[in-house]
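S.K.: For reference, the chains in residue letters:
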Amino acid sequence: DTAVSQTPKYLVTQMGNDKSIKCEQNLGHDTMYWYKQDSKKFLKIMFSYNNKELIINETVPNRFSPKSPDKAHLNLHINSLELGDSAVYFCASSPFRTSGSYNEQFFGPGTRLTVL
Amino acid sequence: AQSVAQPEDQVNVAEGNPLTVKCTYSVSGNPYLFWYVQYPNRGLQFLLKYITGDNLVKGSYGFEAEFNKSQTSFHLKKPSALVSDSALYFCAVRDGGSSNTGKLIFGQGTTLQVKP
Chain A
22 DTAVSQTPKY LVTQMGNDKS IKCEQNLGHD TMYWYKQDSK KFLKIMFSYN NKELIINETV
82 PNRFSPKSPD KAHLNLHINS LELGDSAVYF CASSPFRTSG SYNEQFFGPG TRLTVL
Chain B
33 AQSVAQPEDQ VNVAEGNPLT VKCTYSVSGN PYLFWYVQYP NRGLQFLLKY ITGDNLVKGS
93 YGFEAEFNKS QTSFHLKKPS ALVSDSALYF CAVRDGGSSN TGKLIFGQGT TLQVKP
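Line by line, the protein sequences give chains A and B. Heads up: the first sequence begins at 22 in this note's numbering, then just goes up one per residue. Heads up: the second sequence begins at 33 in this note's numbering, then just goes up one per residue.
Treat the hints with caution; some may be incorrect.
[Claimed, not checked] Example chain B residues on the side facing chain A (calculated, C-beta under 10 Å, incomplete):
{"id": "1", "residue": "Y68"}
{"id": "2", "residue": "T133"}
{"id": "3", "residue": "F138"}
{"id": "4", "residue": "Q140"}
{"id": "5", "residue": "G141"}
{"id": "6", "residue": "Q145"}
{"id": "7", "residue": "V146"}
For the record, the hints were derived by calculation from the structure and aren't laboratory data. Note that this is a predicted model, so its numbers are computed, not measured. Each residue gets a CB set at the ideal place from its N, CA and C atoms; glycine is no exception.
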């Protein structure tokens, strides 16, 4: 009964390639997030979608493009991969209330991306 | 701007002893605070949150946290540590900006080592 799942778990690729990471949640949440965790374990938000609408778009290179086909899925596509993109990418989801979005987030297991 | 600091990179305790993992925050407006735990090669798991009400918040796995407004702190505590509590712990604050997106800002993480 996986709540938030990501594929693939590991991704090893060459510089310059284009790759995608998929995320799915079966919790019925309407908000999903992408985080990047660097080698020092620092965790930073990248994007968030609420009901397929982009609501958070942090300062990330435009080589990164999120896509939400429906509210249960949020995929991350990365063009022209660079060495510095090597990190663990986490997807998360949460319910969202217009009166105050302070619900906890549920995280996926992560995708470890290694760019050679 | 909202921020959260975890002043200790690592905390070492003996099994059976009480543990404290420190967190201080800076927010404009009401603080909404969270603790998450990350086990090796896993995603983050929610432990507890403070939104309003009692300053002592109880969470999963016997953890609790004390909200102290005057000291702007939200320290994580457990009366008796277990070896299985060894993990990376993150404090987070919800971004209280006008966008109300549910964005979380994470501290840099504290590694807890519980020795038998």
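S.K.: All hints are to be evaluated individually against the structure, with a verdict given for each.
M.R.: Hints, one by one, checked against the model:
1. Annotation: Y68 of chain B was flagged as interfacial toward chain A, and the flag holds, the nearest CB pair being 8 Å apart, inside 10 Å.
2. At a threshold of 10 Å, the smallest CB-CB gap from T133 of chain B to chain A is about 5 Å, leaving the interface hint in force.
3. Given hint, F138 of chain B at the interface with chain A, holds; its Cβ is 4 Å from that chain's nearest Cβ, closer than 10 Å.
4. Satisfaction of the interface hint for Q140 of chain B is found here, the shortest Cβ-Cβ separation to chain A being roughly 6 Å, below the 10 Å cut-off.
5. Evaluation of the G141 of chain B hint against chain A yields a held restraint, the C-beta minimum of about 5 Å falling below 10 Å.
6. The restraint placing Q145 of chain B at the interface with chain A is violated, with a minimum CB-CB distance near 15 Å, outside the 10 Å limit.
7. A hinted interface residue such as V146 of chain B counts as satisfied when its beta carbon comes closer than 10 Å to some beta carbon of chain A; here the least separation is about 18 Å, so the hint is violated.
Going down the numbered hints, you'll see the structure goes against 6, 7, while the others check out.
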